[in-house]
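> Sequence:
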Amino acid sequence: MVSIAKVIVDVPTMQTNKPYDYLILAEFDEQIMPGMRVEVPFGQGARKVQGFVVEITQASNFKGELKAIANLMDLTAVLDEELLLLGREMARWTFSFQITCYQTMLPAMLRAKYEKKIKVIDEIPENLFFELFKGRNELTWDEATERGLMPQLLKLKKKELVELSYSVKNQAKTKKRRMIQSDLSFEQLEEEIIGLGKRAPKQSVLLRQLQSLNNESISTTDMNKKYGVSAAILREAENKKWLSFFEEEMYRDPFKHKEFKKTEPFVLNDTQEKALQPIMKAVKQHEKEVFLLKGVTGSGKTEIYLQTIAETLKNGQSALMLVPEIALTPQMVHSFKGRFGGAVAVLHSGLSIGEKYDEWRKIERQEAKVVVGARSSIFAPVKNIGVIIIDEEHEGTYKQDENPRYHAKDVAIWRADYHSCPVILGSATPSLESRARAYKKVYTLLELPERVNKKDLPVVEVIDMREEVKTGNRSNFSIVLQEKIRDRIAKKEQIVLLLNRRGYSSFVMCRDCGFVLPCPNCDISLTLHMDTKTMKCHYCGHEEAIPRICPSCNGHKIRYYGTGTQKIEEELHDIIPEARVIRMDVDTTRKKGAHEKLLSAFGNKEADILLGTQMIAKGLDFPNITLAGVLNADTGLGLPDFRASERTFQLLTQVSGRAGRAELKGEVIVQTFNPEHYSIQLAQKHDYDAFYQKEMLLRHRGNYPPFFFTILITTSHTEELQASKKMQEIVESIRPNLRPETILLGPTPKAVARVNNRYYYQTIIKYKHEPTLFKQLQELLSQSQKEMAKGLQIAIDSEPMHFI
DNA sequence: AGCACGCCGACT
DNA sequence: GTCGGCGTGCTC
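In my numbering, the protein residues as written are 46 to 849.
No lab work stands behind these hints: they were computed from the structure. Even for Gly, the Cβ is constructed at its ideal location relative to N, Cα and C. The reader is advised that the hints may include incorrect statements.
[Claimed, not checked] The calculated EDC-like cross-link candidates involving lysine to aspartate or glutamate, where the alpha carbons are at most 20 Å apart (straight line), are:
#1 K307 <-> E232
#2 K486 <-> D455
#3 K359 <-> E370
#4 K650 <-> E614
#5 K112 <-> D74
#6 K500 <-> E538
#7 K202 <-> E232
#8 K306 <-> D666
#9 K499 <-> D666
#10 K444 <-> E478
#11 K486 <-> E512
#12 K637 <-> E370
#13 K286 <-> E232
#14 K179 <-> D167
#15 K486 <-> E447
#16 K63 <-> D125
#17 K162 <-> E191
#18 K500 <-> E712
#19 K221 <-> E127
#20 K306 <-> E641
[Claimed, not checked] Label-pair distances were calculated between CB atoms; the ranges are:
#21 S105 <-> Y463: 40 to 48 Å
#22 D446 <-> A71: 44 to 52 Å
#23 N649 <-> K730: 48 to 56 Å
#24 E232 <-> N182: 28 to 36 Å
#25 N566 <-> D74: 51 to 59 Å
#26 K637 <-> R192: 47 to 55 Å
#27 R222 <-> K306: 46 to 54 Å
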């Protein structure tokens with residue numbers, strides 16, 4: 046009986062968003078199982094694609110002739126039953142392809158890579174052979190296109206002298222090392238040592254080491270580095286049959302050179318104990334309860350996480366914890382590795398793809414039982430999950446802004462449901478959505494209202510920058526802030542300065558005619574980058590020289606406006622020359638490990654001031670920081686985004702938490718042009734509850750989440766009319782099927798209507814209850830296939846983070 | 001995505 | 001008449 050595999054193929058179109066049937070050849074019959082990656086022929090020609098086996102059955106409904114699976118790409122399944130099911134369901138609620146979901150779940154190394162080659166299969170004229178193939182037998186597709194050889198090659202193909210070959214490249218390479226094992230017993234080795242001449246000291250060292258191995262093995266590198274035994278000696282020893290070599294798979298350990306000091310659980314205070322109890326109960330009883338742990342900065346949330354995880358490990362279960370990428374600091378890693386040692390796998394963007402793959406394998410083999418990582422770690426192949434923790438749950442980075450547009454929180458709750466275990470959402474400033482759910486008792490609210498060190502939250506002083514301007518201070522630093530910075534430097538204490546760059550960029554403008562340099566491809570102005578001395582477009586990546594003369598009026602009065610971290614650093618240097626500044630932003634942290642290096646330099650007090658963007662607001666904990674400054678608190682407030690106030694409040698609260706973590710008292714300076722804005726005033730008072738009340742009122746008035754669910758539909762096309770027409774059509778087709786209280790905003794052009802020469806139109810749907818809406822939209826997507834093949838793009842984003 | 005099929009214009 | 005343009009539809 047021939048078995049049949051149902052395969053999701055790597056061809057992202059609606060028609061292929063269902064399994065295709067393939068025959069399983071006898072040679073694979075034993076090993077094949079659902080969740081494995083396979084290489085399958087697809088379409089006419091010789092094209093081969095990667096696919097995922099989702100099921101193995103005995104019969105097929107397909108009317109045509111089945112093709113056979115060409116190759117297995119894995120020895121064991123890379124997706125288990127749970128993840129296969131999750132991918133299928135996620136594709137539905139994120140309006141994306143199943144294949145895209147599966148690819149997202151896996152480390153980059155297991156994602157499909159294709160190799161397209163042109164092979165010589167018959168005699169071709171010698172001159173052509175050398176001209177085209179340079180005497181080789183095959184040519185990569187890329188090279189052929191680059192050298193413009195395709196027309197000639199296609200002619201040869203017609204004559205069947207060459208053929209196209211496709212293959213799926215399996216990049217999943219493990220790192221191996223060469224190991225030595227002794228082939229002689231202790232006594233035999235002893236004899237060899239006695240028999241050695243005095244002039245063979247290295248061999249004697251080797252033999253002594255082999256004796257001390259005690260049936261263990263040692264790597265050739267260790268033997269060389271630690272004992273100075275060279276490869277030549279080892280080779281000779283192999284010839285003498287003293288030892289033999291074998292290959293051992295190893296992990297690329299990103300923390301190879303680090304020691305983690307073992308930490309012990311702290312004794313919890315009463316409030317922590319009170320918060321921990323219900324969680325522990327849920328962990329022990331395997332209840333799928335969602336907790337919202339609301340604790341002020343420094344209230345010891347991490348210790349609660351650690352003790353919860355310890356409990357799940359005790360029960361033989363594993364734990365999954367998400368943190369925002371930028372909070373994945375060495376400090377964070379330390380506290381987890383310190384408590385749980387080798388049982389911890391850490392996944393973050395700073396790892397190489399090889400390192401990520403190895404961490405993934407450690408989890409897959411259940412060697413790591415605790416996973417700490419950013420958004421995509423929610424798909425870690427952990428079995429038997431005992432708890433899922435999402436720290437800083439309000440963070441927008443948990444929502445992926447490309448397909449599949451999933452929210453890690455939704456996936457967490459899905460997986461917790463599957464495993465029947467609790468979820469902990471932790472934050473000092475919960476998202477309104479989560480807080481509201483806790484209010485409605487959908488989540489269980491747990492609160493940690495005080496800091497562990499019993500210190501008061503730092504005093505926040507709000508500086509009205511309008512007054513500064515009036516008194517003639519045109520700089521970005523208020524007089525008060527300048528004084529405080531000098532004071533801290535004198536006291537050898539440290540400072541963090543945050544530049545809130547959201548919605549802000551530096552641009553150049555002509556003072557005479559007001560001309561602002563636009564991007565040729567997008568409807569947006571170019572941003573000045575001092576490091577590369579160019580103008581860049583943040584949307585399409587276009588780059589050009591900084592103009593000296595105004596292209597519009599030929600004037601010479603081109604000036605820089607706006608504020609970047611680079612400019613602030615220079616300004617700071619002018620005002621306070623003695624300040625030693627470390628700047629942290631995308632430009633200085635791009636390189637691998639740069640982030641960590643800068644932070645440890647700051648930790649070693651090599652600088653007085655840490656100046657940066659959002660990335661310095663999260664999680665860092667330096668006892669010597671006593672002053673935190675926000676240079677421009679309100680740049681986000683002007684944005685047409687209903688979450689602007691919430692983000693500002695969260696950011697300010699977070700920054701306040703950076704100051705005065707230890708013995709020294711902290712102080713916070715917030716500079717703003719909107720000192721009376723409620724998000725700034727309430728952040729100053731550390732009053733989350735009042736902010737929640739106020740903001741809920743406004744959300745209610747504006748019919749925004751959490752009172753309404755939202756879906757954002759975007760169409761785009763290189764021709765504006767096509768995009769607008771389709772959007773119009775979509776709105777007309779769904780409106781009649783919606784309830785009267787459902788609100789449609791659109792169609793409207795997007796705020797940046799043209800990006801990369803494509804035109805964007807959007808519609809927002811706000812609804813309370815639309816049981817058929819998802820189905821309708823699914824339908825809409827599948828009906829639009831033809832247009833989508835002709836350059837139209839439709840994106841559907843449920844609960845988007847940004848509406849512009 | 002990539003390939004074949006099929007239907008129209010310009011060429012040996 | 002044939003070569004080759006790309007619009008259309010299918011891939012187990």
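> Against the earlier hints, flag every one the structure doesn't satisfy and list their numbers going up.
1, 3, 7, 11, 15, 19, 21, 23, 24, 26 and 27
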